[in-house]
Amino acid sequence: MNISDEKFDHLVEKIKKQQPVMNENKEQIDHIMQKIHHIERKKTSFLYLWTKRCAAAALICLPTLFFAEEYIALSRSEDIPSGMFTKIENANQYECAKENQNNLQIYHCYISTKYQEKNNIKQLINHFRHENNN
Amino acid sequence: MIDKSSLNKLITASRQKDEKAFRLIVEEFQSLVYSISFRLLCNEDEAKDITQETFIRVWINLNKYNSKQKFSTWLYTIATNLCLDKLKRQKYFQKNDMSETILTTIAIKDDTEEKILNQELLDLISSFTQELTPKQKIVFTLRYLEELEIEEIKQITGMSSEKIKSNLFLAKKNIQNKIEKIYRNEYK
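Sequence order for the protein chains is A and B. Here the working numbering is used: the first residue of the first sequence is 1, the next is one more, and so on. Here the working numbering is used: the first residue of the second sequence is 1001, the next is one more, and so on.
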């Protein structure tokens, strides 16, 4: 080992022996923990905020979607009666389908008349009740 | 000193956001992080900032920690990366205005018994390592002052063994030149 190496080792030893002392050790730890606590709190409030936003968006979107779907279903059912989608391959099937459709229309008409009659009777009963009360 | 199994328990608890467990980790390793930051940056306040930043990063990235690796190695990696960024940014490797008289006093005085204050230690390190590049400074500090094995330095710095050895050689040569220069001035 030459002189240079000796001096180098001596210097290294000297530095190694002198551990840097940290003043206000406890305060420094408290400060680190405070920062960490702050980060966690921020993260939680961020999550809470986004949950709230998502819930609000769902509250607006879900009923809108529900009504839109209902509206579309209703308009479709008005156009084509349900249960009429039979695959027609020959003239016989076509005749049968047409007859079914006619039957359905007749039934629909019958039900509507019945409903109207029922309503008229109800109205009549109400009318009598009203007169009796007077 | 916390044993390995206790440390693993503390890490597991900290991963589940247990701040009390993490506090114990900070208490255990704070001096290690501060020491390496202090020796690399030669500045007390900056070393404190780096220590703080290191533990915040540890808290945030604790789930990424691979338990096969030594926890201290992981801490060294985070701290040295932060120091390296700082050294590069502030161009610490550029020459400071250190007076020759301070250097001479430090080199000649054999004060092993005497307690050197932080400032004196800081002068001592910075006077001999001021001309080193950030990478040379890091490998010198990790190998000679922190007494880590080359394999561990490899993990911390991500450098190859050859690169570490060449950086160490250059750092040692540079410091020896500095010592020679001071002694030559003294005995002129």
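Just so you know, not all the hints are guaranteed correct.
Think about it this way: if two alpha-carbon atoms lie no more than 27 Å apart in a straight line, the pair counts; the simulated DSSO-like pairs of lysine-lysine are [stated by the list, open to error]: (1) 1048(B) / 42(A); (2) 1172(B) / 14(A); (3) 1068(B) / 1088(B); (4) 1154(B) / 1086(B); (5) 7(A) / 1064(B).
Partial selection, computed: residues in chain A whose CB lies under 7 Å from chain B [claimed, not checked]: (6) 115; (7) 118; (8) 121; (9) 124.
Chain B is nowhere near these chain A residues, computed Cβ spacing over 10 Å in every case [unchecked claim]: (10) 4; (11) 8; (12) 20; (13) 99; (14) 103; (15) 106; (16) 131.
Since the hints were derived computationally from the structure, they do not count as laboratory data. Backbone N, C-alpha and C define an ideal beta-carbon position, used for all residues, glycine too.
Quick rundown of the hints versus the structure:
no. : hint              : verdict
1   : 1048(B) / 42(A)   : 24 Å, holds
2   : 1172(B) / 14(A)   : 15 Å, holds
3   : 1068(B) / 1088(B) : 31 Å, violated
4   : 1154(B) / 1086(B) : 20 Å, holds
5   : 7(A) / 1064(B)    : 43 Å, violated
6   : 115               : 64 Å, violated
7   : 118               : 67 Å, violated
8   : 121               : 71 Å, violated
9   : 124               : 73 Å, violated
10  : 4                 : 4 Å, violated
11  : 8                 : 5 Å, violated
12  : 20                : 4 Å, violated
13  : 99                : 70 Å, holds
14  : 103               : 68 Å, holds
15  : 106               : 71 Å, holds
16  : 131               : 76 Å, holds
Taken one by one, the earlier hints fail for this structure at numbers 3, 5, 6, 7, 8, 9, 10, 11 and 12, listed in ascending order.
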